[in-house]
Amino acid sequence: MALEEEQKPKGGVARSRLIVRLGAFLVSHNVFVSVVCCIAGIIALLLLPVLAKNTYISENALMPGSANPAFSAQDVMEANRFVKDLIDRRTIEGTGIEIPRLIGQHMAGVGAEVYYHKFWPHKNQFHPLHFFSCAPNTVTMQSNSSCASVGVNSIGIIRAPRGDGKEAIVLVTPYNPWKIELSEALSLGLAFSIFSLLGQVSWLAKDIVWLAADSQFGEYTSVSAWLKDYHSPVFFSESGKMNVDMCYEYNSHQDWDRITVNWANANAFKRAGTMAAALVLKVLEKKERQERDSLTIYAEASNGQMPNLDLINIVHYLAVHRQGLRVKIATIGSLLNSVWLRSIGEIVQRLCRFAKSLDPRWKYDITSADYVEGSATLASSMYYQAIGVPTGSHGAFRDYQVDAVTLELSPWFSLKNENSQSAFLLRGGRLIEGVIRSVNNLLEKFHQSFFLYFLTAPNKFVSVGVYMIAFALLIAPLPIVAVAPFSGKNKIRLSTDKGNQRPGNTCTDEIEITIGSWKWLHAAKVVFMIHLWAVIVLLLPYFISQIPYISPTTSMLVWVAVAISALLIVYLILGSPYSSDCEWALLKSIMIAAAFIGLGLMSIINFSTAQIGALIVVPMCLMVRPLKRHKEVALCTRVMLMACNLVLAVMGSPPAALLILKGLSEGFGRVGIGDFWVWAEFLWIWNSATYLYLFLVHLPCWALYVHILLHP
Amino acid sequence: MTRIRCYWGWVAAAIAFRILLICFPKNLNLGSRPEVATPLTSLRRLAEGYWLKQASMSPYAGSMYHGSPLLLSILGPFTITRSEGQPAYFYCSLMFVIVDFVTAMLIRATGQKLMLKCHQSLQFLNLSKLVEASGNVEAGNFASLVFLWNPLTIVTCVGSTTAPIDNLMAVLAIYGACSCLAPLAAFGWVIATHLSLYPAILIVPLILLLGHGPDAPPLKLFQQKNNSASGSSPSSHSHTKSTQTGIQIDYFSWRPVLHFLLWASIWSCYVLVLSSISLKGLGGLLEMFKKTHGFILTVVDLSPNIGVLWYFFAEVFDFFRNFFLIVFNMNILFMLLPLAIRLKHRPCFLAFVYLAISSMLKSYPSVGDSALYLGLLGLFANELAGMQFSFFLFCGYIGVSLLSPVMHNLWIWRGTGNANFYFATGIAYACLQTVLIVESVSTMLKYDRMLRKHITT
Numbered sequence: 001m002a003l004e005e006e007q008k009p010k011g012g013v014a015r016s017r018l019i020v021r022l023g024a025f026l027v028s029h030n031v032f033v034s035v036v037c038c039i040a041g042i043i044a045l046l047l048l049p050v051l052a053k054n055t056y057i058s059e060n061a062l063m064p065g066s067a068n069p070a071f072s073a074q075d076v077m078e079a080n081r082f083v084k085d086l087i088d089r090r091t092i093e094g095t096g097i098e099i100p101r102l103i104g105q106h107m108a109g110v111g112a113e114v115y116y117h118k119f120w121p122h123k124n125q126f127h128p129l130h131f132f133s134c135a136p137n138t139v140t141m142q143s144n145s146s147c148a149s150v151g152v153n154s155i156g157i158i159r160a161p162r163g164d165g166k167e168a169i170v171l172v173t174p175y176n177p178w179k180i181e182l183s184e185a186l187s188l189g190l191a192f193s194i195f196s197l198l199g200q201v202s203w204l205a206k207d208i209v210w211l212a213a214d215s216q217f218g219e220y221t222s223v224s225a226w227l228k229d230y231h232s233p234v235f236f237s238e239s240g241k242m243n244v245d246m247c248y249e250y251n252s253h254q255d256w257d258r259i260t261v262n263w264a265n266a267n268a269f270k271r272a273g274t275m276a277a278a279l280v281l282k283v284l285e286k287k288e289r290q291e292r293d294s295l296t297i298y299a300e301a302s303n304g305q306m307p308n309l310d311l312i313n314i315v316h317y318l319a320v321h322r323q324g325l326r327v328k329i330a331t332i333g334s335l336l337n338s339v340w341l342r343s344i345g346e347i348v349q350r351l352c353r354f355a356k357s358l359d360p361r362w363k364y365d366i367t368s369a370d371y372v373e374g375s376a377t378l379a380s381s382m383y384y385q386a387i388g389v390p391t392g393s394h395g396a397f398r399d400y401q402v403d404a405v406t407l408e409l410s411p412w413f414s415l416k417n418e419n420s421q422s423a424f425l426l427r428g429g430r431l432i433e434g435v436i437r438s439v440n441n442l443l444e445k446f447h448q449s450f451f452l453y454f455l456t457a458p459n460k461f462v463s464v465g466v467y468m469i470a471f472a473l474l475i476a477p478l479p480i481v482a483v484a485p486f487s488g489k490n491k492i493r494l495s496t497d498k499g500n501q502r503p504g505n506t507c508t509d510e511i512e513i514t515i516g517s518w519k520w521l522h523a524a525k526v527v528f529m530i531h532l533w534a535v536i537v538l539l540l541p542y543f544i545s546q547i548p549y550i551s552p553t554t555s556m557l558v559w560v561a562v563a564i565s566a567l568l569i570v571y572l573i574l575g576s577p578y579s580s581d582c583e584w585a586l587l588k589s590i591m592i593a594a595a596f597i598g599l600g601l602m603s604i605i606n607f608s609t610a611q612i613g614a615l616i617v618v619p620m621c622l623m624v625r626p627l628k629r630h631k632e633v634a635l636c637t638r639v640m641l642m643a644c645n646l647v648l649a650v651m652g653s654p655p656a657a658l659l660i661l662k663g664l665s666e667g668f669g670r671v672g673i674g675d676f677w678v679w680a681e682f683l684w685i686w687n688s689a690t691y692l693y694l695f696l697v698h699l700p701c702w703a704l705y706v707h708i709l710l711h712p
Numbered sequence: 001m002t003r004i005r006c007y008w009g010w011v012a013a014a015i016a017f018r019i020l021l022i023c024f025p026k027n028l029n030l031g032s033r034p035e036v037a038t039p040l041t042s043l044r045r046l047a048e049g050y051w052l053k054q055a056s057m058s059p060y061a062g063s064m065y066h067g068s069p070l071l072l073s074i075l076g077p078f079t080i081t082r083s084e085g086q087p088a089y090f091y092c093s094l095m096f097v098i099v100d101f102v103t104a105m106l107i108r109a110t111g112q113k114l115m116l117k118c119h120q121s122l123q124f125l126n127l128s129k130l131v132e133a134s135g136n137v138e139a140g141n142f143a144s145l146v147f148l149w150n151p152l153t154i155v156t157c158v159g160s161t162t163a164p165i166d167n168l169m170a171v172l173a174i175y176g177a178c179s180c181l182a183p184l185a186a187f188g189w190v191i192a193t194h195l196s197l198y199p200a201i202l203i204v205p206l207i208l209l210l211g212h213g214p215d216a217p218p219l220k221l222f223q224q225k226n227n228s229a230s231g232s233s234p235s236s237h238s239h240t241k242s243t244q245t246g247i248q249i250d251y252f253s254w255r256p257v258l259h260f261l262l263w264a265s266i267w268s269c270y271v272l273v274l275s276s277i278s279l280k281g282l283g284g285l286l287e288m289f290k291k292t293h294g295f296i297l298t299v300v301d302l303s304p305n306i307g308v309l310w311y312f313f314a315e316v317f318d319f320f321r322n323f324f325l326i327v328f329n330m331n332i333l334f335m336l337l338p339l340a341i342r343l344k345h346r347p348c349f350l351a352f353v354y355l356a357i358s359s360m361l362k363s364y365p366s367v368g369d370s371a372l373y374l375g376l377l378g379l380f381a382n383e384l385a386g387m388q389f390s391f392f393l394f395c396g397y398i399g400v401s402l403l404s405p406v407m408h409n410l411w412i413w414r415g416t417g418n419a420n421f422y423f424a425t426g427i428a429y430a431c432l433q434t435v436l437i438v439e440s441v442s443t444m445l446k447y448d449r450m451l452r453k454h455i456t457t
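These protein sequence lines are chains S and W, in that order.
Numbered by the working numbering, the letters in the first sequence go through residues 1 to 712 in order.
Numbered by the working numbering, the letters in the second sequence go through residues 1 to 457 in order.
Hints in this document: simulated from the structure, not taken from any laboratory.
This one's a predicted model, so the numbers in the text were calculated from it and none came from an experiment.
Certain hints may be false.
[What the hints assert, rightly or not] Calculated pairs, DSS-like style, for lysine-lysine (alpha carbon to alpha carbon, straight line, at most 30 Å):
| # | chain 1 | residue 1 | chain 2 | residue 2 |
| --- | --- | --- | --- | --- |
| 1 | W | Lys290 | S | Lys519 |
| 2 | S | Lys519 | W | Lys453 |
| 3 | S | Lys519 | W | Lys117 |
| 4 | S | Lys286 | S | Lys84 |
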């Protein structure tokens with residue numbers, strides 16, 4: 001756009017297109033624009049709890065609470081009997097087989113189809129190409145796994161009298177058969193009583209699947225193993241499956257016989273159509289006393305995916321308005337007491353009051369306490385989405401596009417008190433029954449409500465249309481600053497810089513321009529090489545993790561050492577990193593363009609990661625300037641810029657940032673270099689896209705930042 | 001003149017890189033990406049068609065295969081030969097690597113022809129200082145390397161599609177016309193048209209190439225030059241004849257054009273005969289036209305791709321469908337004539353513009369089409385050196401090519417997005433191509449204007 005202006009005399013400027021002129025205007029005021037946009041972006045982010053709207057049920061077919069619950073005291077008694085049975089078996093040897101068998105027996109007792117699903121714990125491996133493939137890899141069975149580690153899920157299916165067997169609702173209760181606790185037994189009992197009730201009702205239009213998941217290897221593993229087998233049929237010719245069977249028979253041949261005798265076909269995998277929704281049930285005894293029974297909802301699945309908001313809405317509606325439970329979602333506790341957040345809350349409260357006095361139709365009425373709580377909830381919501389690791393076994397369902405939530409019920413008294421235990425079970429049972437009844441009414445998949453949202457309270461949400469504004473404002477300066485070196489005034493300065501360096505240059509104007517318009521290619525080469533280096537760093541853990549018997553600290557040191565030597569090699573290939581044809585301004589603009597593309601992409605894959613990353617990357621991109629070029633400005637500004645740059649350079653590097661954050665929260669004594677390795681391993685085991693972001697967007701951006709800072 | 005260091009090393013590296021990639025088809029799984037494989041070019045569909053044909057059924061049965069019957073005979077046997085430990089379609093992929101190499105070499109040869117002509121005409125216009133001053137690059141080498149190392153080309157080559165063959169034929173036609181080999185040009189044009197229909201519009205630049213010779217500054221400049229300096233400089237043009245009076249006029253020579261047309265009709269008859277032999281008893285030519293060219297023109301398959309037509313025709317009411325089919329297909333034809341008049345002195349560049357336009361407006365576009373026109377764009381590196389928005393276009397192409405798979409994943413696999421998400425990237429891609437075409441054409445015209453300014457001053 002600048003070229004046009006340069007080629008024509010001043011009168012000709014008016015002739016260029018309006019959009020080009022607007023762009024040029026923005027670019028010429030890029031410092032002002034970027035400061036304003038960044039501040040606006042941060043303010044918009046802080047205002048999100050104020051802008052949150054009340055949730056509403058948008059799918060009409062759900063009709064929550066339209067029917068009276070049929071779950072009665074008799075069902076509670078049944079649950080109690082089952083719990084007692086389970087607790088009695090606790091002392092018997094070999095509960096690992098006994099309890100699934102017992103559950104299976106009870107399931108069959110209410111007329112359900114029963115089978116057992118055996119699985120090996122999925123061995124998590126680093127596989128760089130599997131980050132986005134939701135179709136799971138079929139060959140996960142490791143032939144060298146030990147035979148002892150086999151889990152057994154017991155599954156019961158109630159066929160709906162009014163259904164066509166094409167849809168199902170899944171109920172999951174994770175428990176550990178080797179060490180069953182009272183709370184787990186209670187959750188099993190609750191699920192069983194609901195299951196037996198549903199076996200009798202006539203309104204059922206979707207099959208009910210109850211998965212009693214063996215959680216001895218973790219809750220997620222068993223559920224995901226079952227889901228994988230559910231969605232990708234394994235034929236008996238395949239060796240892996242056979243191995244499990246053979247292995248199991250070898251291991252506990254006699255125990256197993258007793259089950260298979262009772263029901264023929266107890267090992268054949270049965271299915272029940274596509275899943276409309278899944279509920280993971282847990283009972284947890286809380287330490288602190290509370291005035292009412294409470295329900296905690298966990299919804300975050302892998303890579304920041306959320307279930308459809310309608311599912312959370314009906315749970316919340318039924319829990320609050322029918323059963324009188326106290327509904328909670330996770331918050332970050334330390335934020336609740338933080339002074340600065342409270343002071344922001346005060347300001348926001350005053351502003352809201354002021355806004356309301358201007359126009360009473362603006363319903364931004366929020367008290368300081370509400371604001372603090374909303375922010376803490378929003379922060380935790382963002383944190384769990386950003387890490388990209390599911391908060392429970394419901395995450396496994398989201399990989400198959402099934403909406404699922406974990407419902408964690410906790411009573412307000414001790415679980416041992418039998419009287420109030422019955423009341424608690426009654427409430428829980430009615431809630432689950434109501435939710436299942438609503439989902440049973442569904443005609444289509446959940447699609448009406450939001451998939452992309454944050455919760456600031458159980459009944460308040462921020463939709464994608466609102467939170468994207470904050471993000472867009474934050475990254476809006478990036479493209480503007482990126483094109484600045486190509487625009488009018490800066491362009492002239494660039495070419496005069498060049499003229500000073502090589503005074504003997506006597507090209508005509510046009511030729512100067514023709515070279516100039518492609519000069520960014522040199523800088524692009526540097527940026528490309530740095531990104532290539534980042535890809536190498538990204539893949540290194542795969543090779544390092546192959547080395548046996550290596551401690552996290554050593555792994556981390558090896559990783560860093562290889563990464564730095566790779567960087568040196570890259571520099572050797574590039575020749576001198578600071579060659580004269582690669583100007584820092586162009587390098588900065590290409591770096592910003594790359595960061596912009598990366599952040600934009602990440603905001604689609606996992607918004608929270610992008611939002612948190614942008615808070616670090618955007619200042620880095622905007623502030624960067626070679627340290628030696630600061631002489632032009634006044635002393636105090638220079639000192640301030642230097643300080644900012646140094647802080648950013650330290651905080652921007654992923655390991656340092658993690659270690660400092662960890663040190664601040666847990667004390668520096670317990671922080672070691674290996675922590676970063678452990679954390680990175682955690683991320684890639686869960687196929688978190690945050691790992692990719694960290695190494696493909698953040699790391700190259702930081703490396704280029706340091707590169708430009710050290711530019712002569 | 002800046003030379004490209006170790007050109008052959010880069011070429012060898014590009015080929016080695018492709019061969020490395022085709023050893024991991026399972027991990028990349030590019031053949032199932034809608035951006036790479038279209039219903040017309042997918043090799044998996046070709047294998048299906050071949051299987052049907054082996055079972056003595058029409059390869060077009062079941063709306064799976066929509067390519068040429070000749071490809072079926074050539075590539076079909078390779079799709080089933082498979083030796084131990086080698087990935088599927090290994091031999092086909094190897095063939096596509098060779099095809100890419102040949103295409104690159106043809107682009108290089110075309111570039112050298114263009115450079116030669118450019119130097120001659122600039123020398124004739126006494127503007128050789130311009131050549132030296134502007135840091136000239138060897139267009140042929142540069143363009144072939146751009147073609148070989150373009151990620152889009154690599155993806156097309158590795159992604160088991162037949163698009164590399166379509167591209168080869170289009171380039172072959174341009175090369176043949178540039179070097180005045182009418183039979184070769186006719187062959188390339190006929191086969192390219194037969195394979196994917198849209199290269200039919202290349203007939204305009206091909207005729208101009210054969211008639212006028214490769215790209216040169218506008219004719220008026222030569223006339224001006226002759227008027228001012230009454231023909232003192234020696235003429236070295238390949239197709240212009242300097243008459244005794246020294247006035248040099250670029251005659252439009254009809255002989256090669258007629259040759260071309262004759263050969264084109266011979267080749268098309270030949271192709272039709274071969275096709276009918278290949279389809280004997282399995283449906284015949286009529287079905288072939290209906291299922292290949294008819295399939296292209298009527299936009300039957302509405303599965304998502306990076307174009308914009310699928311979304312539109314999925315939304316449009318049935319009774320308007322025919323009307324909009326006519327509108328969209330005419331859209332390409334409307335632009336032919338004005339461009340041909342304005343750029344008649346630069347037929348190769350005209351061919352590039354045509355290919356870019358058709359890749360933007362065609363019914364089943366893929367990244368293979370962009371690979372072709374971006375490769376040809378390299379041929380005009382010297383003329384387009386002053387192009388605006390180059391940085392913007394570069395970032396845009398990178399952004400869109402990364403965004404497209406992510407949006408597709410969001411829509412198809414995660415279920416949190418919808419068709420609009422993916423269509424948005426399609427629109428962004430079309431906008432980018434529009435900006436590229438507009439900017440490159442205006443830069444070319446500006447370059448011609450600059451030449452005139454240098455001559456007049």
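Okay, the hints, checked on the actual structure:
1. Lys290/W with Lys519/S: violated (50 Å)
2. Lys519/S with Lys453/W: Holds, at about 25 Å.
3. Lys519/S with Lys117/W: holds (27 Å)
4. Lys286/S with Lys84/S: Given that 30 Å is the threshold and the Cα spacing comes to 21 Å, the pair holds.
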